[in-house]
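Enquirer: Chains as they are written, first to last, in our numbering: chain A, 3 to 247; chain L, 153 to 390; chain S, 5 to 265.
These are calculated hints, taken from the structure and not from any lab test.
Cβ coordinates follow ideal geometry from the N, Cα and C atoms, glycine included.
Careful: at least some of the hints might be erroneous.
[Claimed, not checked] Partial pick of chain S residues on the chain L-facing surface, computed with a CB cut under 8 angstroms:
hint	residue
1	E82
2	A143
3	S223
[Stated by the list, open to error] Listed next, with one range per pair, are the computed distances between beta-carbon atoms:
hint	chain 1	residue 1	chain 2	residue 2	range
4	L	K228	S	S10	45 to 55 angstroms
5	A	P160	L	Y204	25 to 35 angstroms
6	A	Q113	S	K99	49 to 59 angstroms
7	S	M5	L	F207	26 to 36 angstroms
8	S	K172	L	T154	23 to 33 angstroms
9	A	D77	S	K99	23 to 33 angstroms
Spelled out from the first residue to the last, the chains are:
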Amino acid sequence: MGQISVENKSIVIPGEELASGMEFLPSFGTYRDRDKIVASRLGLVSIDGKIIKIIPLAGKYNPKRGDVIIGKVEDVSYSGWRINTNCAYPAMLSVKDATSEFVGRGTDLTQFFDVDDYLVAKIVNVTSQKLIDLTMRGPGLRKLSGGRVIEVNTNKVPRIIGKQGSMVHMIKQATDCKIVVGQNGLLWILGELKSELIAIEAIRKIEQESHLSGLTERIKEFLEKATGKKIEEFKGEQNDLSQEN
Amino acid sequence: MTYPKRIDGRKLNETREIEAKAGIIKRADGSAMFRIGKTVAYAAVYGPRNLYPRFLQNPREGIIRVNYAMMPFSSKGERVRPGPSRRSKEISMVTEKALLPVLNLEEFPNAVVDVFIELPQTDAGTRCAGICAASIALADAGIPMKDLVAAVSVGRVDDKILVDLNYDEEAFEGKVADIPIAIIQRTGELSLLQMDGEIEKEQLIEALKLGQETITKIFEVQKKALKEKYHAENGGEE
Amino acid sequence: MKQLKSQITKGLEQDLRFDGRKPLDWRKIEVEYSISKNAEGSARVKFGDTEVLAGVKLSVGKPYPDTPEEGALMVEAELTPMSSPEFETGPPDIKAIELARVVDRGIREAKAIDMKKLCIEKGEKCWMVSIDVVTINDAGNLLDVSALAALAALKDTKMPKLEDETVKYGELTKESLPLSKEPIAVTVLKIGKFLVVDPLVDEEETYDARLTVTVTDGSICALQKGGGGTLSIEDVQKMVEIGIEKAGDIRKHLGKAKGAK
């Protein structure tokens, strides 16, 4: 009979033995070394029955089809834009994926998006060489105006958003800020500067404490104290990442 | 000639005091400080990120690029002229080879993982300290790695086989062999092996085995540095 | 860039910066001496998360022909690729060169080091002081942090033993490097119509012009304007006043530091 060598949700490092026994299955961030399951990422070990995986605590964004990201326009060509995606791989946005308007040949594309503009876009394809195709055609996908964009740990994005968007909703509610969280670790925020600072502080707290329990309570307490507002129970709205509130 | 007692009083299988911290350079994707005795190494990892010039890109997998340097005020003796030297280029290369066997870079075609190692203070064992720091920094950066790598020097001074030679031992008059090695934690296999000096075959094997035994202490320190980073502000895991 | 700049100025209109500071507030300043035991003098300085190490190495050489009774000073800086994704490996680029020269000018023009005391034999031998500044983490304002680190390293410096005109490295005397002045660099950025000190990286990417004022004993010993924009004489007056006023506060941190030899 096999055995598990670590506590569930504890922090493990590459090379650390997680379990021994052939009945265990190595999933994301782990590999099998003879009859042992070993971690190959720094993160929290997650044991779900016989499946062992790692929830990484660090690492750059790995682009996936279907992800909604925030990208920055790096270059404008005659047929589209090159977008910086906050990882090693830039993305291409072609004119036909940017707008349903008819765009004549030779039109100056900067009238749509110019260098340094931030966009909310969706990844439609990632090739084996990690070339990324984006689209701006879809609900909530748009150019962002005003506000500012900060970098967050891409691995903490699920915690920043929360179950069904509960965490980010709580922050938006307390600070009255508009927030869009990109899967690629870029986050856009717009509000009163003092409120923006509180929201960002809350987000940094989530990043630092994401591996500890009771996070939601602590963030709620922090927000209530910092803003003086009482936070209502979250009613389970479907959070569309790309919608502003 | 014999070497009756180590100059600093250590046992033959005793390393100097070891200390490590992870995440000390906020701008970097991963970073670490590693100290062994008076040798201190900083390592910073950036990546995976865009790689230029393009001809260096590998479409099958990412590459690692190491840059090792000693700060001008770091050595005993005269100021070290800044800039790459033949020695630092060689050390950069062997450090790369020491880390490569544990890295999984297939997920990052055409990209690079840059590792920068800088030493503010040196007292022998610099390339080993650099490898130890780099290993922590790579894990801290979330790079997929099969295992940690640690490095230490082993060798002989006259009739004694010992671990972690300091500057005075390296410079000892008499037969000395200075053997920096790097070992992969789980397998105990070597990813770095160099030697300076003179040694018999049996002594070499004895030294390598001594290295394998004592290096577990270094792995413990590396592990502690990584885990501590996440407990520091919060006083304990859940 | 325009978006970032307009966000920054929006905040400055309310006296707020991205990290919650007021325009003329500094981040937390920390100074630690003797961080590199092989250097004759060394220091680590942090302003918030920006961290720089500086080390002093002394050697004996021939004085410059136009100053036969004085020692020699050299300041070099490395903006390490370790400290920021913006820096590349290779020889110092113009940013590093400017930083080194501005730090040098502050120390030299303030006559901080008593160069005559560094003479060993007139026209033949003198002490050569090499200051090396190495950046560890760039979170903005590398220049001011580097200048303070260089000064702290000088303060930390003890003369090594000289035996038969050879330097006995590792054997330090109790004699300090003859330092009589403490020049402090204060960089002020102009963003739109606002002035800020101790800039963050975002502010350094969007400013119009900057002025580094190096101050010693209440008077100015060096100035360096940077950036592609212009400064009115009024701007200069305000920035210099800020420099003179705040230099004293920064200088105090040299005294509170840990690790002094």
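Enquirer: Now, for every hint given, state plainly whether the structure supports it.
Expert: Hints versus structure:
no.: 1; hint: E82; in the structure: holds, 6 angstroms
no.: 2; hint: A143; in the structure: holds, 7 angstroms
no.: 3; hint: S223; in the structure: violated, 31 angstroms
no.: 4; hint: L:K228 to S:S10: 45 to 55 angstroms; in the structure: holds, 53 angstroms
no.: 5; hint: A:P160 to L:Y204: 25 to 35 angstroms; in the structure: holds, 33 angstroms
no.: 6; hint: A:Q113 to S:K99: 49 to 59 angstroms; in the structure: violated, 35 angstroms
no.: 7; hint: S:M5 to L:F207: 26 to 36 angstroms; in the structure: holds, 31 angstroms
no.: 8; hint: S:K172 to L:T154: 23 to 33 angstroms; in the structure: holds, 30 angstroms
no.: 9; hint: A:D77 to S:K99: 23 to 33 angstroms; in the structure: holds, 24 angstroms
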